[in-house]
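**Student:** Take these sequences, add in the hints, and give me the full structure.
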Amino acid sequence: MPPKKRTTSAKPPAAILAAAKAAQAASRGPADAAAAESVEETVNENGNPSDVEDDDDDETSGPAGADGAAAKKKKKNKKKKKAAAAAAAPEPEVDWSTIPHAGLGAAGQTSPPTLPVRELFKGSYPVNEECEYVHELQQFRTTSAEVRDRERSESFQRELTNARHAAEVHREVRAYARANIKPGMSMTSICEMIENGTRNLVEARGLDAGIAFPTGVSLNECAAHWTPNAGDTTVLKYEDVCKVDFGVHVGGRIVDSAFTVHFDPVYDPLVEAVKDATNTGIREAGIDVRLSDIGAAIQEVMESYDVEIGGKTYQVKPIRNLSGHSIDSYRIHAGKSVPIVKGGDQTKMEEGEFFAIETFGSTGKGWVYEGDEVSHYMKRWEARGTNARLPRARQLLNTIQQNFGTLAFCRRYLDRIGETKYLLALKNLVECGEVDPYPPLIDNAGCFTAQWEHTLVLRPSCKEVLSRGDDY
1 MPPKKRTTSA
11 KPPAAILAAA
21 KAAQAASRGP
31 ADAAAAESVE
41 ETVNENGNPS
51 DVEDDDDDET
61 SGPAGADGAA
71 AKKKKKNKKK
81 KKAAAAAAAP
91 EPEVDWSTIP
101 HAGLGAAGQT
111 SPPTLPVREL
121 FKGSYPVNEE
131 CEYVHELQQF
141 RTTSAEVRDR
151 ERSESFQREL
161 TNARHAAEVH
171 REVRAYARAN
181 IKPGMSMTSI
191 CEMIENGTRN
201 LVEARGLDAG
211 IAFPTGVSLN
221 ECAAHWTPNA
231 GDTTVLKYED
241 VCKVDFGVHV
251 GGRIVDSAFT
261 VHFDPVYDPL
271 VEAVKDATNT
281 GIREAGIDVR
291 LSDIGAAIQE
301 VMESYDVEIG
311 GKTYQVKPIR
321 NLSGHSIDSY
331 RIHAGKSVPI
341 VKGGDQTKME
351 EGEFFAIETF
361 GSTGKGWVYE
371 GDEVSHYMKR
381 WEARGTNARL
391 PRARQLLNTI
401 QQNFGTLAFC
411 RRYLDRIGET
421 KYLLALKNLV
431 ECGEVDPYPP
441 LIDNAGCFTA
451 QWEHTLVLRP
461 SCKEVLSRGD
471 DY
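Quick note on numbering: full-length UniProt numbering labels position 75 of the sequence shown as 75, and the sequence is numbered without any gaps.
Treat the hints loosely; a few may be bogus.
Within a straight-line C-alpha distance of at most 30 Å, the following computed BS3-like cross-link-like pairs (lysine-lysine) qualify [as the list claims (entries may be wrong)]:
(1) LYS336 x LYS365
(2) LYS182 x LYS275
(3) LYS182 x LYS365
(4) LYS379 x LYS348
(5) LYS379 x LYS312
(6) LYS365 x LYS275
(7) LYS122 x LYS182
(8) LYS348 x LYS237
(9) LYS275 x LYS342
(10) LYS379 x LYS421
(11) LYS275 x LYS312
(12) LYS348 x LYS312
(13) LYS182 x LYS342
(14) LYS275 x LYS336
(15) LYS379 x LYS427
Since the hints were derived computationally from the structure, they do not count as laboratory data.
**Tutor:** Here's what the structure looks like:
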């Protein structure tokens with residue numbers, strides 16, 4: 001059963017409202033600002049009429065006898081009516097388009113995060129990092145009226161709104177996670193912290209909005225695709241290097257972003273190398289850019305770093321058989337791969353496409369193989385559900401289609417929705433081609449790997465790094 005959704009007021013949090021009023025006051029004249037201030041003084045912090053003036057009246061001695069009491073009562077009632085009228089006066093409408101949104105939602109967020117992002121931002125989400133196209137043949141896009149008209153299309157704006165909504169959820173959830181992940185925590189508790197925060201902030205509702213894929217918390221030589229199955233007792237240690245990879249979707253529009261958690265500063269150069277490589281890939285990405293050129297630039301940057309561990313120096317190597325990828329609606333891997341080494345695909349990026357730019361660095365061989373225990377699964381995109389023959393397998397497939405569609409899921413998610421004794425049925429779905437397994441991806445034993453990832457969109461006029469935040 002999903003967690004109960006917290007009910008909140010439609011009124012913006014105090015931090016947001018204060019920022020909005022401050023911005024509007026700056027645009028008003030002195031007389032208007034003074035009038036607004038006089039109204040606010042009659043309302044206390046809870047939004048109720050202030051009794052300060054009435055208390056002063058009570059302390060002032062009035063005329064003796066019944067006439068004096070009546071006069072005092074009349075005066076007090078007059079003050080109360082005046083305060084009540086001020087309190088009842090409607091607050092001026094906030095023009096949210098004039099308020100810089102970045103950070104305001106997080107400022108009004110609870111800890112741990114529980115307030116839906118939709119309520120914090122009133123449906124108007126931050127425009128994230130915008131970058132002009134640097135290649136000479138694409139620079140016309142910055143000023144072209146025709147290009148901007150294409151960008152204003154209703155369908156594209158709807159996609160952007162959904163993506164920005166998902167990105168803001170990701171930022172606020174990861175801000176709490178990055179501040180609270182500590183050695184000694186179980187990997188299951190780390191995943192549940194992130195997943196419960198995501199469900200609350202995105203107002204998870206089936207296939208309309210929710211978690212885009214299982215939370216990856218791959219450790220050390222495991223580079224990707226590991227999340228704990230039920231009963232796993234793995235605990236995060238001080239000397240671990242943990243890749244935290246999670247996604248959010250709104251209306252099928254997925255934001256995929258990852259970061260690396262480490263506590264021992266000996267790993268700083270490894271982590272910095274991969275972050276620098278990811279930012280290089282973002283800088284090089286653009287309309288009509290060849291995917292292979294991005295890979296070459298990433299490799300050059302990553303291999304320029306060395307890391308010393310245990311008295312031995314290692315060159316940071318890109319993991320050659322991992323890559324970034326294009327993203328489509330309800331489809332995390334949409335067909336194009338963004339390599340992180342030179343050579344390979346000569347395909348070009350195109351206008352309107354969404355990409356996850358992610359890089360992996362390693363102190364090992366720079367090549368991963370598939371591990372044994374699978375936790376990640378995903379319904380095959382082209383499968384039509386006609387291959388399953390066993391009744392229990394068909395039943396499980398129906399559950400997968402209703403709850404996850406073509407989004408990735410893990411065994412913990414099946415447990416959560418009440419599925420039991422499903423392993424044989426799941427194995428049958430894999431064998432008949434309805435569902436694909438995604439085993440953990442592991443470099444050689446004893447090495448360390450790191451990952452950083454952002455989602456961007458190639459808008460007609462510029463590229464927007466949707467998942468960019470103050471943290472990375």
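**Student:** Each hint: holds or not?
**Tutor:** Here is what the structure says about each hint:
no.	hint	result
1	LYS336 x LYS365	25 Å, holds
2	LYS182 x LYS275	21 Å, holds
3	LYS182 x LYS365	29 Å, holds
4	LYS379 x LYS348	28 Å, holds
5	LYS379 x LYS312	43 Å, violated
6	LYS365 x LYS275	19 Å, holds
7	LYS122 x LYS182	33 Å, violated
8	LYS348 x LYS237	42 Å, violated
9	LYS275 x LYS342	18 Å, holds
10	LYS379 x LYS421	19 Å, holds
11	LYS275 x LYS312	22 Å, holds
12	LYS348 x LYS312	40 Å, violated
13	LYS182 x LYS342	37 Å, violated
14	LYS275 x LYS336	22 Å, holds
15	LYS379 x LYS427	13 Å, holds
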